[in-house]
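Chain order of the listed sequences is A and B. The numbers in the first sequence follow our numbering, run straight up by one, and end at 291. The numbers in the second sequence follow our numbering, run straight up by one, and end at 190.
No lab work stands behind these hints, which were simulated from the structure alone. Here the structure is a predicted model, which is why all the values come from computation and not from measurement. In this text, a Cβ means the ideal position worked out from N, Cα and C, and glycines have one as well.
Below 16 Å or equal to it, Euclidean Cα-Cα: the simulated EDC-like pairs (lysine to aspartate or glutamate) are: (1) K63(A) - D52(B); (2) K64(B) - D75(A); (3) K14(A) - E155(B); (4) K63(A) - D30(B).
Calculated from the model, a selection of chain A residues having no Cβ within reach of chain B, i.e. all distances over 12 Å: (5) E32; (6) Q127; (7) A134; (8) G142; (9) K154; (10) P222; (11) P237; (12) S265.
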Amino acid sequence: MKNEEQNQELLIAKALDSLNVSDEQTLQQLLEAHPELYADLEDWRETVGLLALSAPVAEPSAKVRENILAMIKQDNEVDGLFDKMVEPKVEANIQPQPIEFKADVNYKPETESNLISLKRPTWSILQKMIAVAACVSVAFLGFSLWKVSKEVEKSNLEIVQLKQKLESSQIELAKTNELLTPETVSASLAGLEDAPNAKAKLIYDKATGKAYLVVEGLPVAPQGKAYQLWFIASKTPVSGGVFKANANGKGELRGEIPLNERQSSTIFAVTLEPEQGVPAPTGKMFLKTAL
Amino acid sequence: MALAIVQKTDEQLLQAIAARDEDSLAFLYDRYKVILFSVVLRILNNREEAEDVLQEIFLQVWQKAKDFDETRGRGFTWLVTLSRSRAIDRIRALASRQRTADESLINKSDEVASFEEETIVKQQRIKIAKVLAELPEEQQKVLQLAYFEGLSQTEISEKLAVPLGTIKTRMRNATIKLRESFSDRLRALL
Numbered sequence: 001m002k003n004e005e006q007n008q009e010l011l012i013a014k015a016l017d018s019l020n021v022s023d024e025q026t027l028q029q030l031l032e033a034h035p036e037l038y039a040d041l042e043d044w045r046e047t048v049g050l051l052a053l054s055a056p057v058a059e060p061s062a063k064v065r066e067n068i069l070a071m072i073k074q075d076n077e078v079d080g081l082f083d084k085m086v087e088p089k090v091e092a093n094i095q096p097q098p099i100e101f102k103a104d105v106n107y108k109p110e111t112e113s114n115l116i117s118l119k120r121p122t123w124s125i126l127q128k129m130i131a132v133a134a135c136v137s138v139a140f141l142g143f144s145l146w147k148v149s150k151e152v153e154k155s156n157l158e159i160v161q162l163k164q165k166l167e168s169s170q171i172e173l174a175k176t177n178e179l180l181t182p183e184t185v186s187a188s189l190a191g192l193e194d195a196p197n198a199k200a201k202l203i204y205d206k207a208t209g210k211a212y213l214v215v216e217g218l219p220v221a222p223q224g225k226a227y228q229l230w231f232i233a234s235k236t237p238v239s240g241g242v243f244k245a246n247a248n249g250k251g252e253l254r255g256e257i258p259l260n261e262r263q264s265s266t267i268f269a270v271t272l273e274p275e276q277g278v279p280a281p282t283g284k285m286f287l288k289t290a291l
Numbered sequence: 001m002a003l004a005i006v007q008k009t010d011e012q013l014l015q016a017i018a019a020r021d022e023d024s025l026a027f028l029y030d031r032y033k034v035i036l037f038s039v040v041l042r043i044l045n046n047r048e049e050a051e052d053v054l055q056e057i058f059l060q061v062w063q064k065a066k067d068f069d070e071t072r073g074r075g076f077t078w079l080v081t082l083s084r085s086r087a088i089d090r091i092r093a094l095a096s097r098q099r100t101a102d103e104s105l106i107n108k109s110d111e112v113a114s115f116e117e118e119t120i121v122k123q124q125r126i127k128i129a130k131v132l133a134e135l136p137e138e139q140q141k142v143l144q145l146a147y148f149e150g151l152s153q154t155e156i157s158e159k160l161a162v163p164l165g166t167i168k169t170r171m172r173n174a175t176i177k178l179r180e181s182f183s184d185r186l187r188a189l190l
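Use the sequences and the hints to build the structure in full.
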């Protein structure tokens, strides 16, 4: 098959979210090498999107719309409320007026009218002080609310991030659980001449073929090269996918072992190959099933 | 002069939604509720779950509209991809692969559909049904399992007991045929 057709096959499967894990790695490498293929991928996604119209027609109940609109309205209202509090003024712009005390030439301390006239300015100062205090309190309250809202916003962001982490952990766990079945078997691979300290463990489910390879001690692959896993049940080795080792010599690969290769006599090996992978091994062998 | 909301493209509506315009979200919902709900229901085969997921989808649209990049694809594709992905996530979370394929329920949806859809969408539905019907049955099956069941190529291969290479070829040929049948102009009408 031509390279172009292979690429097309990968892009189509990706557009349908149907790509196998090992092919996913191949596609990622391909996209890194040829970023122009992202446009093709988007084009295939557009084509695949047409399949939405092949679903039997159905309409949601009216309450879905009501719920959505109520929730976004509430969201906007809360945002609006906080927007107004973004710049609260802590100091109220109210200045107490100076009060002039003038000598009352007609002062008559015993009369009720004079008592009242003396009390007035005293109450006015008190009222103004109360008003200032109230304004300061309101502004402070506003400021506090604004701070709380920012804290809530930050916490919400953290919750979203934690949820994302949880989701990815759940996916990882699910993938691992797929391998924890009564049919699970494992094989150890030992390093050969070029990486004597390297070792690897391959766990796979004999029933489904789902497999997970974890390696350590491998040298970092040279530019343009990657490690490729092989299943050798007969004379023809079958590829299990390509992977790279990190700077610490660790690497992993998830994939599936074809039915014919799931035999107790199957030998697993890892060779160094061009990073796109090759149909048959050509490079040096670094790891092989330990006997 | 500001465009009337009905004249706005999906991309313009998404821009307005990013600016917190509730009316635009309501309008986008009305424009796509049937298409998206149909996909979600087809995947989940459970009306209650499907309505819940549809709600989540539009809340996500409300929150993520600012992330939509029209240079990378059309609004319709973004919405459909998001919807399908949410529905498949839900079904995986529910671990309810044994949806007892209630074909009867699915077919009923068609019968009770008495609402008005835009003529162009109706035409596209007819067209896609015709294109799919013209595909060999095995290619149709592969597309359905991938798109509506969310199965990987290997899972399809195991389910149908057909070699993986054959599944890949069927998937490729079917999708190419689909693309050839819908010119860019027709796709853009959606």
